[in-house]
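Peer 1: From first to last, the protein sequence lines are chains A and B. Using the working numbering, the first residue of the first sequence is number 1, and each one after it goes up by one. Using the working numbering, the first residue of the second sequence is number 50, and each one after it goes up by one.
Possibly wrong hints are sitting among the right ones.
[To be verified] Keeping only pairs whose Cα atoms sit at most 16 Å apart, straight-line, the calculated EDC-like set for lysine to aspartate or glutamate is:
no., chain 1, residue 1, chain 2, residue 2
1, B, K193, B, E488
2, B, K464, B, E522
3, B, K528, B, E539
4, B, K544, A, D4
5, B, K464, B, E526
6, B, K550, A, E29
I should point out that these hints are in silico values taken from the structure, not numbers from a laboratory. Being a predicted model, the structure only gives us computed values, none of them experimental.
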Amino acid sequence: MIGDFVFVLFYGGVLVVMGIFSRWMLSREKGPNIDHEIDKTITNKKERM
Amino acid sequence: MTFTIGVLVSFLVYVVIGIIITRQVKDAEDYFVAGRNAPVILIAGSSVASLASTVIFMGDISFAYDGYAIPLMVLAVLHGSGFIIGVFLFGRYLRRSRSLTLPEYFGKRFHSTKVRRATAITTILGMTAYLMAVSQGVGLLLSKISGMPYPVASTIGILVVVTFTFLSGAKGVLFTDTLMFFIFITAVFVSIPYIIQTAGGWPNAIIDTAALEGNPLSWHGITGDKAFLGTPFEAVSWFVIMGVAWGIVGSVGPWQTSRYLMARTEQVAIRGSIVALISYAFMLIVLHFGAAVIAKINPYIESSDQVFIWSAMNIMPTWMGVVVLSGIMAAGLSSASTFLQLIGNSVTYDLVDQTKKSSVSLLKYSRVVMLVVGLVVIGLNLWQPPAIVWISYFASTLFAAAWGPMAFSSVFSKKVNANGAFWSIIVGFSVVLIGNFLETFMGVSFPVVVDPIILGMVFSLITLVLGTKFGGEVSQEAKAFHQLILTPTESNSVKEVAITKRYANILIISGVILSIMTFIFYFVPIHIL
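Given these sequences and hints, build the entire structure.
Peer 2: Shown next as structure tokens:
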């Protein structure tokens, strides 16, 4: 019974763990922040105007 | 006859799609990597379709029918986790490289033609053997459905694959793979509830199946006279260790990782992999429970790898049977087309220097090579050379050993050099070959913790370290390429990453839903009702 219950948790649990792992990896992103770059460009244009 | 017509119509559809897509293939980039423009759905569909072949719908579910459904699902979900591990620890960097093939990536990463050719040769050998295994499944299935002699059936099957693959390359393969994915996933979700209903409906089908001799729905699989994988502990250990090993296979295997080269961006590659794992996990749990329940309906099916086929032809309404048989066939053809495409690409592009060719002339040359490779595969499939047949039994596992340590270290290590990479491929490949030779022909039995695939990975890793130590400095070109792949791209903007994080949230929620569903549909009938 316990083994069967562990299986129930395990099968879905692997997906949960992979999801948490994915979020963690994505949180470590240090990519070029294009949105902020665009924001800066717009702000600079407005200031110049 | 109806089943044969249904399957042959599906063949025609794939060929027609291949012809239509040919017009969109303008240059080598379209042919090799689908123009590097594939959206999430094509990456996900092709990833699952390339992975799920006749091996899953015939080979694996024979384990479920024979009493090992639950431990098999443990292996399957660990295998599927390779989608996620692979994309984050290797695939996304591969996408940044903008290579046309995996051997090209390794060749540039280590600045070594030797490494490129070694990965190309392992790709060609391993994929040819795996393609033969899958083609055999396709041929057996078509022969069983139609009554055609096996040589004719398998030739027709491969000819269909060769036709749309050589015409439309990666673009066609991605599209047909995704179509095939929808066909076989529909087949599973439509037919398995029908099978369970035939077996008495829920919860009786589950209760009665669990009550069969040997308790086949227990967490450790069947026990008693019918158990063929040793004690419960041995059986579970085997499935868990193999699951982890297959997870590594899934992370670095070329049929999987080549999809990342085709994604529109690395974020699309990640999202596609997440969708792939979710759909794979849901599909397999339904399929394996269904296969286990068939044992309650008919425990006397002689060849347990024919269980799903038997069900389609004997239990289900004809229309459903046609969908299922087309689905199993689709699973085989989708994997076969991916393997053929990889073989053709490496033969064309990685064995001989092609840098002097323009993209358009490389496309023409690639098509010719792909056609020749396809005809050679047809010939091999008819001849069935024993050596290739033998390798086909473990072909996919070769990649975890030969490529695994090298693939991950190509991203995470600054020190690993061409010498280490080259010899780790050779040693990993050789250890798996020798280990399987000893098992098959000398009667040696390896404990699961030192299965040839595990030994191969360990020796490959040791060789990588030692080879690097005695291999001299890393070249400037290799360092520069390494820096290139470590540099995040525009697709890693805040907005794009936020979208991908939502996919990760869906993956977490899917896992919770799966556990709840498994508790309700499996645990409750057996232990609470």
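Peer 1: Could you run down the list of hints and mark each one as holding or not?
Peer 2: Results of checking the hints against the structure:
Restraint check for K193 of chain B and E488 of chain B: not satisfied, since their Cα atoms lie roughly 31 Å apart, outside the 16 Å limit. Only pairs whose Cα atoms come within 16 Å are accepted, and K464 of chain B paired with E522 of chain B is accepted, the gap being roughly 8 Å. Our distance criterion of 16 Å between C-alpha atoms is broken by K528 of chain B and E539 of chain B, whose separation comes to about 22 Å. Taking the CA atoms of K544 of chain B and D4 of chain A, the gap is near 42 Å; set against the 16 Å cutoff, the hint is violated.
Our distance criterion of 16 Å between C-alpha atoms is met by K464 of chain B and E526 of chain B, whose separation comes to about 13 Å. As the CA atoms of K550 of chain B and E29 of chain A are separated by approximately 11 Å, the hinted pair is consistent with the 16 Å bound.
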